[in-house]
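Peer 1: Between the sequences and the hints, there should be enough to build the whole structure, so can you do that?
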Amino acid sequence: MPEDFDFDHAIDIAWCPGCGNFNILKALKNTLAELGVSRRTLVFVSGIGQAAKTPQYIRTSYFNGLHGRSLPAATAIKAANPSLTVIAESGDGCTYGEGGNHFIHTIRRNPDITNIVHNNMVYGLTKGQASPTSRRGFLTPVQITGVQLEPFNPLALAIALNASFVARAYSNDVEKTQEILARAIRHKGYALVDIFQPCVSFNRVNTHQWYKNHTAYLDQTHDPADREAAFKLSLMTDPFQIGIFFINRENPSFEETLAAYKDDKRPLYQRSVNLDEIGRLLKSLAA
Amino acid sequence: MQTGQPTDISILLSGEAGQGLQTLERLMLGVFKRSGWYVHSYSEFMSRIRGGNNSTALRIASSPVDACRERIDICVPFSASALDRFVKRITPQTLILGDSEIIPGRYQEQGLAVVNVPLIQMAKDAGGAITLNMIVLGVLSGFLGVDLELVMTQMGLSLSGTDTERQARNIAAATKGHAAGVVLREQKPGALPALAHSETLSRALLVNGIDAVGLGGLAGGCNFVSSYPMSPSTGLLVFFARQAQAFDVVVEQAEDEISAVNMALGAWYAGGRALVTTSGGGFALMVEGLSLAGAIESPLVIHIGQRPGPATGLPTRTEQADLEHALYSGHGEFPRAILAPGTMQEGCTLARHAFELADTYQIPVIMLTDQGYLESNHLVQGLEIGAAPVVNHLIETDAGYRRYALTDDGVSPRGIPGYGAGIVCADSDEHDEGGYITEDMDVRRAMVEKRLRKLRGLANAAIPPTLVGKLPCTYLIVGWGSTFHVVKEALEALGNIDITFLHYAQIYPLHAQTAGMLLQARKRMIIEGNATGQFKRLIKMHTGLDFDAQFLKFDGMPFMLEEVIARLEDFVKESAHA
Numbered sequence: 270m271p272e273d274f275d276f277d278h279a280i281d282i283a284w285c286p287g288c289g290n291f292n293i294l295k296a297l298k299n300t301l302a303e304l305g306v307s308r309r310t311l312v313f314v315s316g317i318g319q320a321a322k323t324p325q326y327i328r329t330s331y332f333n334g335l336h337g338r339s340l341p342a343a344t345a346i347k348a349a350n351p352s353l354t355v356i357a358e359s360g361d362g363c364t365y366g367e368g369g370n371h372f373i374h375t376i377r378r379n380p381d382i383t384n385i386v387h388n389n390m391v392y393g394l395t396k397g398q399a400s401p402t403s404r405r406g407f408l409t410p411v412q413i414t415g416v417q418l419e420p421f422n423p424l425a426l427a428i429a430l431n432a433s434f435v436a437r438a439y440s441n442d443v444e445k446t447q448e449i450l451a452r453a454i455r456h457k458g459y460a461l462v463d464i465f466q467p468c469v470s471f472n473r474v475n476t477h478q479w480y481k482n483h484t485a486y487l488d489q490t491h492d493p494a495d496r497e498a499a500f501k502l503s504l505m506t507d508p509f510q511i512g513i514f515f516i517n518r519e520n521p522s523f524e525e526t527l528a529a530y531k532d533d534k535r536p537l538y539q540r541s542v543n544l545d546e547i548g549r550l551l552k553s554l555a556a
Numbered sequence: 010m011q012t013g014q015p016t017d018i019s020i021l022l023s024g025e026a027g028q029g030l031q032t033l034e035r036l037m038l039g040v041f042k043r044s045g046w047y048v049h050s051y052s053e054f055m056s057r058i059r060g061g062n063n064s065t066a067l068r069i070a071s072s073p074v075d076a077c078r079e080r081i082d083i084c085v086p087f088s089a090s091a092l093d094r095f096v097k098r099i100t101p102q103t104l105i106l107g108d109s110e111i112i113p114g115r116y117q118e119q120g121l122a123v124v125n126v127p128l129i130q131m132a133k134d135a136g137g138a139i140t141l142n143m144i145v146l147g148v149l150s151g152f153l154g155v156d157l158e159l160v161m162t163q164m165g166l167s168l169s170g171t172d173t174e175r176q177a178r179n180i181a182a183a184t185k186g187h188a189a190g191v192v193l194r195e196q197k198p199g200a201l202p203a204l205a206h207s208e209t210l211s212r213a214l215l216v217n218g219i220d221a222v223g224l225g226g227l228a229g230g231c232n233f234v235s236s237y238p239m240s241p242s243t244g245l246l247v248f249f250a251r252q253a254q255a256f257d258v259v260v261e262q263a264e265d266e267i268s269a270v271n272m273a274l275g276a277w278y279a280g281g282r283a284l285v286t287t288s289g290g291g292f293a294l295m296v297e298g299l300s301l302a303g304a305i306e307s308p309l310v311i312h313i314g315q316r317p318g319p320a321t322g323l324p325t326r327t328e329q330a331d332l333e334h335a336l337y338s339g340h341g342e343f344p345r346a347i348l349a350p351g352t353m354q355e356g357c358t359l360a361r362h363a364f365e366l367a368d369t370y371q372i373p374v375i376m377l378t379d380q381g382y383l384e385s386n387h388l389v390q391g392l393e394i395g396a397a398p399v400v401n402h403l404i405e406t407d408a409g410y411r412r413y414a415l416t417d418d419g420v421s422p423r424g425i426p427g428y429g430a431g432i433v434c435a436d437s438d439e440h441d442e443g444g445y446i447t448e449d450m451d452v453r454r455a456m457v458e459k460r461l462r463k464l465r466g467l468a469n470a471a472i473p474p475t476l477v478g479k480l481p482c483t484y485l486i487v488g489w490g491s492t493f494h495v496v497k498e499a500l501e502a503l504g505n506i507d508i509t510f511l512h513y514a515q516i517y518p519l520h521a522q523t524a525g526m527l528l529q530a531r532k533r534m535i536i537e538g539n540a541t542g543q544f545k546r547l548i549k550m551h552t553g554l555d556f557d558a559q560f561l562k563f564d565g566m567p568f569m570l571e572e573v574i575a576r577l578e579d580f581v582k583e584s585a586h587a
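In order, the protein sequence lines correspond to chains A and B. Just so we're aligned, residue 270 is where the first sequence starts under my numbering, counting upward by one. Just so we're aligned, residue 10 is where the second sequence starts under my numbering, counting upward by one.
Worth flagging that the hints you see were computed from the coordinates, not collected in a lab. Take the hints with a grain of salt, since some may be wrong.
[Unchecked claim] Here are some chain A residues pointing at chain B (derived, C-beta under 7 Å):
#, residue
1, Tyr-326
2, Ser-330
3, Leu-335
4, Arg-338
5, Ala-349
6, Pro-521
7, Ser-553
8, Leu-554
[As the list claims (entries may be wrong)] For lysine to any residue, the following SDA-like pairs were computed, each having C-alpha atoms within a straight-line distance of at most 20 Å:
#, chain 1, residue 1, chain 2, residue 2
9, A, Lys-534, B, Gln-254
10, A, Lys-552, B, Met-550
11, A, Lys-501, A, Thr-484
The beta carbon of each residue, even a glycine, is placed where N, CA and C say it ideally should be.
Peer 2: Structural data, given as structure tokens:
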């Protein structure tokens, strides 16, 4: 039941009325309920920003760390206890800007986590500056003559790095977003879901109407195993493509490659110190 | 000053990077230990892969030796420029043992004791320049009177992984060198002091600071290491990588130090026991993560292998200048502990203690070592690991679990996700007892006070300083971390002077007895490896007490025995005139 993730008391949500985040929150709760994920084994990890507050509004465990640093923490949480379902959720500024290096290397590392990125092409919490995904010419209080930088293309980057699962959703289509999220969470390995969403307070360009006019779902004939086709589709900007671009089932997940889990699947907290091995190691220093 | 016959032999091997000095160092330590001598070695090297000049200083003695010294009894140059950096330390008593082909003529002309041994030709005959280090191993072993058999046994153990052709070549070279060394011994009777052999060293361990801290970490239950390589801390990352399989440690080379520290915090949150290892520059990048540990009250163990800064500084050399960096880093106010081992046993004990302290108080604990400490090899009779099993200070949560429940001692029972019916919410924003974001000023005040209440328990748990000598005393010398052995040996050399040494292995919180102890000395001197007296400042801040003298060193090299003895003598002399 989606209500399993609701609190039994009223909560004060810090988002603006009409914010795309509400739909993402709804889609997430529905998806978790549909997948039968237990609150006891679920962990949300987030950075800083309005999107990063999402876990506050879901009744489950969370680690709300530093701006840009959700992915290293999420990777380690999964590695310390692989039986947990780990979802890293933050905004475009946090994930692609401040955390850009981690984004690149987490794709390479391929932990079995889901990475949900709220992408509204603007900084909301700090009141309207450009984000890495802002389009050229976008006017802000800082970029007063318009954004001059090439917009960051997370999907193309992820596909170029042979990411495990690469998708984009649009927040106003809750049903389709749920479908994509469900497949991402079920997917074994790093799964990126970039979610377009309007920012009703600070982005007057990329509005609901704009997304309606400039996005389209991927053609049903697209084969997500076709990396080159996926890459090509990820470069399209008008309309931006929505859907599951790429799935790569070949690379093992990070946790599967760790020596600690080779013969023993227990999470780290259930292990104890191997004093015999310490004795052996000490002995080797006498030689 | 020391009088009479030296009771130890000091050997300096000097050559270029890539000439096999490290292999030679390891073999010589093993060979001399096997023949019943105490050994110590320290290597200093340039930040490059080939060429330049690196050196290894070995001390061999019939009683424990654990500090570097300036005096060189035997010097073996591997290349023409190998002696250039050591001219100040070469005296007429130094035997320069090597190839007259490569030892510049001026040394002989100055009346220095050059003993021609055609090392290079011998290496060529034995299979090429690559065998030069094995020739030297043989020559020195023979010269010091070590049986060839011992050398062969050690080589068999240490070089067992190499291919048979190479092994045969090495054996031939060492044998050839040994024969030349035996001849030399006969030609130069009395050139070296006769060192008594000890029967009790067969089970003794050869360890460096990396081994000590690594073993202590394993004993402390460390099962997660995320780090980014940076000299001189990388050795610890390598140590854990090599033990990952045997001890089930998750070891990951992160993309940067920021990732490394955030991984470590994620691991602790989910029930792991994580360590990061870095040096001052890498720690600078971790500082926001340190503050996060403070906010979410996460245990965290940070190992900082200090090297000289600022910025890139001297990447492969040593210093103790990051004390204040470790102490004052991180925005906001939160408790922490700082430990700094001096002996190998302390490295082991404190690394284990760091995990227990971090886990008990849910705070970051910093282990401050330095390049000199990490890369010095010591012979110890054993390392005490501690038998008691590590206890994870974790609770099984119930449905109403609140991660930051207010308590008298400031420590809230720590739950982890997936263990119990509750949920575990950690937030870098100020939060309420449940872990949810708040801007309520009353909650804010309560949380700040809760976090800082831990300092009381932490201060009570502070490790007392080690006293070498007695109190009250006339002269007191205070040091911390890696200066322990050199000061202790200097004191032994000074003999009858009423001088006591106080060694701190816990820097912060400072032990409460500090003022009381300092007041029992008539004159006080501080010794530390930095330019401004950082520990002196800390002590002054906490006790109001100042020092009469200081010995600060910041040239990148560890303190040397002779310079410490000389400085202590000056201190005593100055004080007597004052």
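Peer 1: Within 20 Å, alpha carbon to alpha carbon, are Lys-501 (chain A) and Thr-484 (chain A)?
Peer 2: Holds, at about 15 Å.
Peer 1: Can the restraint linking Lys-552 (chain A) and Met-550 (chain B) be considered satisfied, given a maximum Cα separation of 20 Å?
Peer 2: Violated, because 44 Å separates the two Cα atoms, which is more than 20 Å.
Peer 1: Against chain B, run the beta carbon of Pro-521 (chain A) and see if the smallest gap drops under 7 Å.
Peer 2: Hint on Pro-521 (chain A): violated, closest Cβ of chain B at ~15 Å, above 7 Å.
Peer 1: Holds or violated: the hint that Leu-554 (chain A) contacts chain B, with Cβ atoms closer than 7 Å.
Peer 2: With a closest approach of 4 Å, the Leu-554 (chain A) hint holds.
Peer 1: Given Ser-553 (chain A) as an interface hint, is the shortest Cβ-Cβ distance to chain B below 7 Å?
Peer 2: Result: violated, 9 Å to nearest chain B Cβ.
Peer 1: Would the stated hint for Leu-335 (chain A) survive a check requiring a Cβ distance to chain B of less than 7 Å?
Peer 2: This interface hint holds because 5 Å falls under the 7 Å limit.
Peer 1: Report holds or violated for the interface hint on Ser-330 (chain A), using the least CB-CB distance to chain B and a cut-off of 7 Å.
Peer 2: This interface hint holds because 4 Å falls under the 7 Å limit.
Peer 1: Going by Cβ atoms only, is Tyr-326 (chain A) closer than 7 Å to chain B?
Peer 2: violated (10 Å)
Peer 1: Next pair to validate is Lys-534 (chain A) with Gln-254 (chain B); report whether the Cα-Cα distance is within 20 Å.
Peer 2: holds (14 Å)
Peer 1: Would the hint on Ala-349 (chain A) be counted as holding, given a Cβ-Cβ threshold of 7 Å to chain B?
Peer 2: Constraint on Ala-349 (chain A) satisfied, holds at 4 Å.
Peer 1: Identify whether the interface hint at Arg-338 (chain A) stands, where standing means a beta carbon of chain B within less than 7 Å of its own.
Peer 2: This hint holds: Arg-338 (chain A) lies near chain B, its Cβ roughly 4 Å from the closest one there, short of 7 Å.
The structure fails hints 1, 6, 7 and 10 (numbered hints given earlier, in ascending order).
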